[in-house]
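Keeping their order, the protein sequence lines are chains F, D and Z.
If you read the first sequence in the UniProt record's numbering, its first letter stands for residue 1, the second for the next number, and so on.
If you read the second sequence in the UniProt record's numbering, its first letter stands for residue 1, the second for the next number, and so on.
If you read the third sequence in the UniProt record's numbering, its first letter stands for residue 1, the second for the next number, and so on.
Treat the hints with care, since some could be wrong.
[Stated by the list, open to error] Cross-link-like lysine-lysine pairs, in silico, DSBU-like; alpha carbons within 30 Å at most:
(1) Lys-132/D x Lys-5/F
(2) Lys-164/F x Lys-94/Z
(3) Lys-164/F x Lys-121/Z
(4) Lys-93/Z x Lys-85/F
(5) Lys-87/Z x Lys-85/F
(6) Lys-94/Z x Lys-121/Z
(7) Lys-164/F x Lys-93/Z
(8) Lys-48/Z x Lys-12/Z
(9) Lys-87/Z x Lys-202/Z
(10) Lys-48/Z x Lys-93/Z
(11) Lys-164/F x Lys-127/Z
(12) Lys-31/Z x Lys-85/F
The hints are simulated quantities; they were obtained by calculation from the structure and are not laboratory data.
Owing to the predicted nature of the structure, the values given are computational and were not obtained by experimental measurement.
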Amino acid sequence: MRFLKTLGYVLALPLILVAIWWVSTLGETNFFVPTPALLAEAFAETWLGDRILSDVLPSIGRLVVGVSSAIIFGIVTGLLIGSVKWLRDLTEPVLEFFRAIPPPVLVPVLMLLMGISDSMKVVVIISGCIWPVLLNTIEGVRAIDGVLSDSAHTYGIQGWARVKYLVLPSAGPQIMAGIRQCLSIGLILMVISEMFASSSGLGFAIVQFQRSFAIPEMWSGIVILGLIGVAMSFIFQWTERRVLRWYHGLREVENAI
Amino acid sequence: MQPLTPIFDRHSDRPLADEKSSGPLPLPRSFPGGEKPRPGKMRRSKKQLPGLAGIIGFLLLWELIPRVGVVEPRFLPPASEVIAALITDFSLTAFWVAVGETMLAWAIGLMMAIVLAVVLGFITGSSMVLRKFTNSTVEFLRPIPSVALIPLAVLLFGVKIESTLMLVVYASFWQVFIQVLYGVADVDNVAMQTAKSYGLGTMARVRHVVFPTALPYLMTGIRLAASVALILAITAELVIGSPGLGREIALAQSGGAISGMYALVLATGLIGVVINLVMRFIERKTLSWHSSIRSEAIV
Amino acid sequence: MQSETTPAPAGKTLPGNEAMLSVRNMKKVYKTDGGDIEAVRNLTFDLKAGELACLVGPSGSGKTTLLKCIAGLMAPTEGEVLLDGVKVSGPPKKMAVVFQEYGRSLFPWMRVRENVELPLKNQGVPKAERDRLVDDALEAVGLAHVPQSYPWQLSGGMQQRVAIARAVAYQPEVLLMDEPFAAVDAQTRADLEDLIRTVWRKLGVTVLFVTHDIDESVYLGERVIILSSSPTVIQEDLTIDLPDERDQLNTRSLPRFTELRHHVYEQIQLAKAGHRPTAAAQAGH
Chain F
1 MRFLKTLGYV LALPLILVAI WWVSTLGETN FFVPTPALLA EAFAETWLGD RILSDVLPSI
61 GRLVVGVSSA IIFGIVTGLL IGSVKWLRDL TEPVLEFFRA IPPPVLVPVL MLLMGISDSM
121 KVVVIISGCI WPVLLNTIEG VRAIDGVLSD SAHTYGIQGW ARVKYLVLPS AGPQIMAGIR
181 QCLSIGLILM VISEMFASSS GLGFAIVQFQ RSFAIPEMWS GIVILGLIGV AMSFIFQWTE
241 RRVLRWYHGL REVENAI
Chain D
1 MQPLTPIFDR HSDRPLADEK SSGPLPLPRS FPGGEKPRPG KMRRSKKQLP GLAGIIGFLL
61 LWELIPRVGV VEPRFLPPAS EVIAALITDF SLTAFWVAVG ETMLAWAIGL MMAIVLAVVL
121 GFITGSSMVL RKFTNSTVEF LRPIPSVALI PLAVLLFGVK IESTLMLVVY ASFWQVFIQV
181 LYGVADVDNV AMQTAKSYGL GTMARVRHVV FPTALPYLMT GIRLAASVAL ILAITAELVI
241 GSPGLGREIA LAQSGGAISG MYALVLATGL IGVVINLVMR FIERKTLSWH SSIRSEAIV
Chain Z
1 MQSETTPAPA GKTLPGNEAM LSVRNMKKVY KTDGGDIEAV RNLTFDLKAG ELACLVGPSG
61 SGKTTLLKCI AGLMAPTEGE VLLDGVKVSG PPKKMAVVFQ EYGRSLFPWM RVRENVELPL
121 KNQGVPKAER DRLVDDALEA VGLAHVPQSY PWQLSGGMQQ RVAIARAVAY QPEVLLMDEP
181 FAAVDAQTRA DLEDLIRTVW RKLGVTVLFV THDIDESVYL GERVIILSSS PTVIQEDLTI
241 DLPDERDQLN TRSLPRFTEL RHHVYEQIQL AKAGHRPTAA AQAGH
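Bound conformation, chain F alone:
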């Protein structure tokens, strides 16, 4: 019974919305809004064929490579800068500036520096989404509790052990917040780099559909980008809940006081 109720809450609004859409497109044919059936058909035709291999997978591949490099590089550099005070003071304003530059303007810059290629698109993703991870890691490392750090020190926990048992977990909540931003910026940059400078990929395909007024196909492209976004968000939340279980528990306890 409880389960049915939950299911009802989850499905009710989406079903209502689809129903409204279906009813409103029933009568006349609107040029901009395809019927649900037409969209589903276009989706299957467009994306379940060759395009998976030629457009979808390469795009996702670049996204994964770019985002994971940004995360690894951001965390490693952030650990270094965060642990060395003078380095932190020295680099902070420059890094803050880089973070404030809207990442998409990097697309024309890197096109110029690297030409149009796969590696340029990956570099666009890396150079756009490294900042939140890097700066959040620095901040997380900086904010390690003094008492906790002293405790670790008195028990001789140093070097790599300190990073593993103290620094990384302690900065974990901040790092995860940075990764969340990194993921959404990464997806944006994947699309833009392809819209701007490409002959394949999701972003390119969608712009092509729009330019050739293939409206249902264009919508199906929006849907697939949405699906990728939703999938990434689910993967992130799933991971985050596992990695930071202790943190959510701690916060619950704190909030209960």
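Following the hints, put chains D and Z in place on chain F, whose structure we already have.
This is chains D and Z only, laid out in the frame that chain F set:
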């Protein structure tokens, strides 16, 4: 795209911080995730020196890389040239028109998003049933990247400012909306019941209990939305070609005005920094009554 | 042993090799933007192996500074700390510290058992021995039933027990405690005081217990070192001649307990009023 907790107040090595044997007991549970640095104005000027050195060092490096020939100057002009180009830009009307167009789209889009998000957020947040009812839809719509709407915007509005607005509103709406939901959900039950027992009506309760509780969250949401809005405004101009700095960057690049392009990129970064600073300032001012400015929840 | 310029009184010292822990002419000056702050002026005392000494002083008397210097977390400006004859220049292996802020000294991302085990794991102690040490330590502090909880799921007193268990399992020769019970309620505090006495007697470890609570210092210690107000010197080094078997009810109602408590209280009041001991006063003691 949420900016960091303030960068300028640091308390890494306060000399007497460890002499705490006196006075009231420290809070037993406090943890970095929830801790906020306190402002330390005295030490600021001294602390900014290394940062300044960092900036100068970075500019020198940038100057040297093309001059030594690591990268060809026609791809990456030296810093001095770019800064000169930026200074020239400052004297051009066309530059300020572009800045104005970008900031106009930013401001209108942000305002629309805030109003929409506050209204919908308070309505949805105040009812448990509504929250549950909308949750799955929100969780599905929110992660959709706003750039997915670019083709639709082009189709509907062409290269007009409305295209930019569509992306800006969509992206910034969620930032504020989610924070408002959190804020309204955070309202203390005891405070609510106290208000009820004193006979406060619905509107009075919203005004005196719900709104003050949600305000810190709302401010966080607005600050986040402000930087997201800038990103999307520039993006739309860059990709769609609606008027503003983004379009100028694309034009400069395709027209081979390389120093000009880098100067515009610098300008967008400066605008980003200014927006961050202003938003943090507003947040602090608005919440000065609040003993601890909230740290951002991991959403 | 005393420097000529500052004729500060010294605490009890022991000949050469008998001391487990020696503090010699320790001075600590903090350099700040607003000028130098002298927190500790001159401290000298020895602890013999297996001793339980309490360090008590008025608020702001540099107790924590002293403790941090002893623990090797901070370098003294002048003077030195010797552990078993070896100069302390960083946290020594033979030493464990229990801090006041139990909520911040335990790793919130580790369960109770992992917290206690971590220092041993880091030392490379083999798994079987590690398990035994952790079990024994948890048993000793009465926490054998919660190894899989996270520290923040426990009450304050229990969290401090975890911190004590971690120190015990580490098998230190010297145990430093920095006002460990200042943030727990009175009931729990009495229990924890007895726990410390028990652990100390069972393990034969040398304990230096910092507190601002006069009753606690007299009840726990075999010796109470009273500090002056800052810049800190030793006000008095007092032997507590109470019977070895102590319990909350009887010990605290002994006439001698009251006398000692009274004496320490007076000294602290004097210290607060700014009275500083002279070399002569110390010699007559």
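Here is what the structure says about each hint:
1. Lys-132/D x Lys-5/F: holds, 10 Å
2. Lys-164/F x Lys-94/Z: holds, 23 Å
3. Lys-164/F x Lys-121/Z: Roughly 13 Å between the alpha carbons, so the hint for Lys-164/F and Lys-121/Z holds.
4. Lys-93/Z x Lys-85/F: Roughly 27 Å between the alpha carbons, so the hint for Lys-93/Z and Lys-85/F holds.
5. Lys-87/Z x Lys-85/F: Status holds; Cα separation ~28 Å.
6. Lys-94/Z x Lys-121/Z: Holds: Lys-94/Z and Lys-121/Z sit about 16 Å apart, inside 30 Å.
7. Lys-164/F x Lys-93/Z: holds, 20 Å
8. Lys-48/Z x Lys-12/Z: Roughly 10 Å separates the two Cα atoms, so the pair holds.
9. Lys-87/Z x Lys-202/Z: Since the Cα atoms of Lys-87/Z and Lys-202/Z sit roughly 28 Å apart, the hinted pair holds (cutoff 30 Å).
10. Lys-48/Z x Lys-93/Z: Measuring from Cα to Cα gives roughly 18 Å; hence the hint holds.
11. Lys-164/F x Lys-127/Z: holds, 19 Å
12. Lys-31/Z x Lys-85/F: OK: Lys-31/Z and Lys-85/F at ~18 Å, within 30 Å.
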